[in-house]
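Novice: Residues per chain are reported as follows:
2 protein chains.
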Amino acid sequence: MFSKGFLTPFVTGVLGSAAFYTVFDKISHKSRVDPEKFDFLKVPEDSSVLEDTKKLEQARSILKYGAPSQGPYLRFYENHVLAYDQSKRTPIWVAEYLTKANVEGPANRKNVKFRPDPNVTVMYTAHNSDYLGSGWSRGHMSPAGDNKHSQEAMRESFYLSNVVPQDLQNNGGFWNRLEMYCRDLTKTYQSIIIISGPLILPQERNGKQIVEYEVIGKSQVSVPTHLFKVVLAESDSMPTKPLGVFIVPNKPIGFEHSLTEFQVELEELERVAGVTFLPKLDRKQVSDLCKVNGCKLMKKEKFQLYFITRKIQSSRSIKHLDKVWGELEENKLQPDEYMVNLYNSKREELMNVEKDKSNVTK
Amino acid sequence: MFSKGFLTPFVTGVLGSAAFYTVFDKISHKSRVDPEKFDFLKVPEDSSVLEDTKKLEQARSILKYGAPSQGPYLRFYENHVLAYDQSKRTPIWVAEYLTKANVEGPANRKNVKFRPDPNVTVMYTAHNSDYLGSGWSRGHMSPAGDNKHSQEAMRESFYLSNVVPQDLQNNGGFWNRLEMYCRDLTKTYQSIIIISGPLILPQERNGKQIVEYEVIGKSQVSVPTHLFKVVLAESDSMPTKPLGVFIVPNKPIGFEHSLTEFQVELEELERVAGVTFLPKLDRKQVSDLCKVNGCKLMKKEKFQLYFITRKIQSSRSIKHLDKVWGELEENKLQPDEYMVNLYNSKREELMNVEKDKSNVTK
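Protein sequences appear in the order of chains C and H.
The first sequence: position 106 = 98 (our numbering), numbered continuously.
The second sequence: position 116 = 108 (our numbering), numbered continuously.
One thing to keep in mind: the hints can contain errors.
The list cannot tell twin chains apart, which means a pair is met if one copy fits it or any two copies do.
[To be verified] DSS-like cross-link-like pairs, simulated, lysine-lysine; straight-line CA separation at most 30 Å:
hint, residue 1, residue 2
1, K303, K338
2, K140, K102
3, K47, K311
4, K210, K243
5, K272, K46
6, K338, K46
7, K200, K243
8, K315, K243
9, K105, K47
It is worth saying that the hints were derived from the structure and are not from the lab.
If we strip away everything but chain C, and leave its shape as in the complex, we get (with noise of 0.2 Å):
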């Protein structure tokens, strides 16, 4: 099937990266130039331009000094997959898969701190300082609820390069709802991929279209507009993949709104984004995650005691577990068994620890 001139290039000692494009250039057997002189040509991902010798001759002395490099173009997390953006110093898009065993397990955030990125230049990353009295939270992309499953996954999620400038209380509350909800999908379907991001859109004002956004700090990280979460469920035992895509604006929102208010097609989504996602999927294999689901977010009264529950779980002292305990009347909930149990027993545990506190102060 081979001749003898295919494989002499290598006998002869053609060594690393040169050897591809000599090895293809001879299995393909289309006139390709010497890639020796192009280096470059590693860069793009669409290779016609490797049949044309006059462009490639024009490139190759264009970028005599390397193409202007945004970085690189995928980043590999041991949980997550996400393309950064040097210019805003935050994420274009963060991908993740979930299923039921990594949403899970005893990895926590405890002793994570948000950090620069290290992968990151120096010149493009954020920094803890550029948020810090910004007015604006840290929002992960890749939830650090998603990284349970390992340590290593949670303190990566901590990287600056998963954070955008969110709302406070959209961070801590519709998103975080939201959020809960993918996790949630675990019980339902075998694996879901999800992939968020922040996005930045006009406002009509005075008959033009104007696009305002706040820059902060010294790195003047970008504070999105908006964030989007492209959502697609699926299991082997399911003829079509559920599919839901949202656009969430950056600022409170109440109980009193639904997912579906947000949803919007795939295609309206890429279009603003300058992003295609999915494109290997085939989008007639897919359904509408909201009708098939129902895109319910988890409602008031069970998020406010879900948040008191954990709450519960870090308290530090008795006081502190009292205090929260009260929280439960202030807002008229109806504790359940378990977290009746909960509070007796960590408040036993915190009576122990503060008992053998005295003593040794004694």
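Start from chain C and add chain H according to the hints.
Specialist: Just chain H, lined up with the frame of chain C:
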């Protein structure tokens, strides 16, 4: 040097791009995962992930339906290479390589029209209708005047992928003079690498840093607040390479302003653009273009004479020709001998044309 085992994969018929990874694997003697399973690996520039099987396995799930795509990073044309912003519907940067030979020639813009770049996905391209009536002109990044050596290059320079919404006076005035200056450099230096593009920069407002800009038309083409140009000159005989970097506001800039007012350090542009330019250039070899060459743009009178000359050349009637000639007096400009001769010969040519026409109609 190579064992027989090294050759085996080729002889047994591994085909296409998969061969690359297998070859690379064998050559580098590193343990890499089965490349057939990871076809998204053609995308990243950063190949360190190739060594991390765990990250790769997860990435394979995350990117099961392809990595979100912003289109090909580099786009190649006969006389320029560009990176396109699918979201802003403008280039990110456009790079050129000028020599004395390619700024001269018979190609002209007469029968060439602005049009959407057929290489850009329809959903992400700008259209002429976005610009028309918007109040913004279509500003070439690789200027028509840099493409005179080839009608095909001229034609490609009118693709809207090479265009940004530009203030009309800036486009025809200061920016035009900067482009002329760059072409003039080819008389002094063997070659000039030029990288041009739009920028959107924040301004201070009520103690906050705010970004504000217009988007025009149905495609929502972003109107930049500034434009940049990176100009690198070189000659084989010179020990240093003069470099000039400029950030120019996208508004009218009068003749009282000099180019040096807009000069910045390359790093300053890189920080705001999020792009590393000329990554393979040894920056120790660089000198300051404005110190070496002066960065003097064409003066007002000469620039006006130049434009009147062009108008004389393109006059289609004696009436129009004499109106243009009148502009000299209006602007108190003194024509040189070349212009007087040009006017006389053009007038004679037009008289003959008009005489012929009147004979035909008789």
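Novice: The structure should be examined with respect to each hint, and the outcome stated for every one.
Specialist: Hints versus structure:
Proximity of K303 and K338 under a CA criterion of 30 Å is satisfied intra-copy only: 11 Å inside one chain copy versus 88 Å between copies. Taking the closest pair of Cα atoms, K140 and K102 come within 30 Å of each other only inside a single copy of the chain (12 Å); across copies the shortest separation is 64 Å, beyond that limit. Proximity of K47 to K311 under the C-alpha cut-off of 30 Å is found in neither arrangement, the shortest distances being 74 Å within a copy and 44 Å between copies. Taking the shortest Cα distances, K210 and K243 sit within 30 Å of each other both inside one copy (23 Å) and across copies (26 Å).
For the identical chains of this complex, K272 and K46 are inter-copy neighbours only, at 23 Å across copies versus 32 Å inside a copy, given an alpha-carbon limit of 30 Å. With identical chains, the CA atoms of K338 and K46 are never at most 30 Å apart, being 75 Å at best within one copy and 38 Å at best between copies. For the homomeric pair K200 and K243, the shortest alpha-carbon distances inside one copy (23 Å) and between copies (18 Å) are both at most 30 Å. When the C-alpha separation of K315 and K243 is checked against a cutoff of 30 Å, the pair qualifies only within one copy, where the shortest distance is 29 Å, while the shortest distance between copies is 59 Å.
Taking the closest pair of Cα atoms, K105 and K47 come within 30 Å of each other only across two copies (22 Å); inside a single copy the shortest separation is 49 Å, beyond that limit.
Violated hints, in rising order: 3, 6; the structure is consistent with all others.
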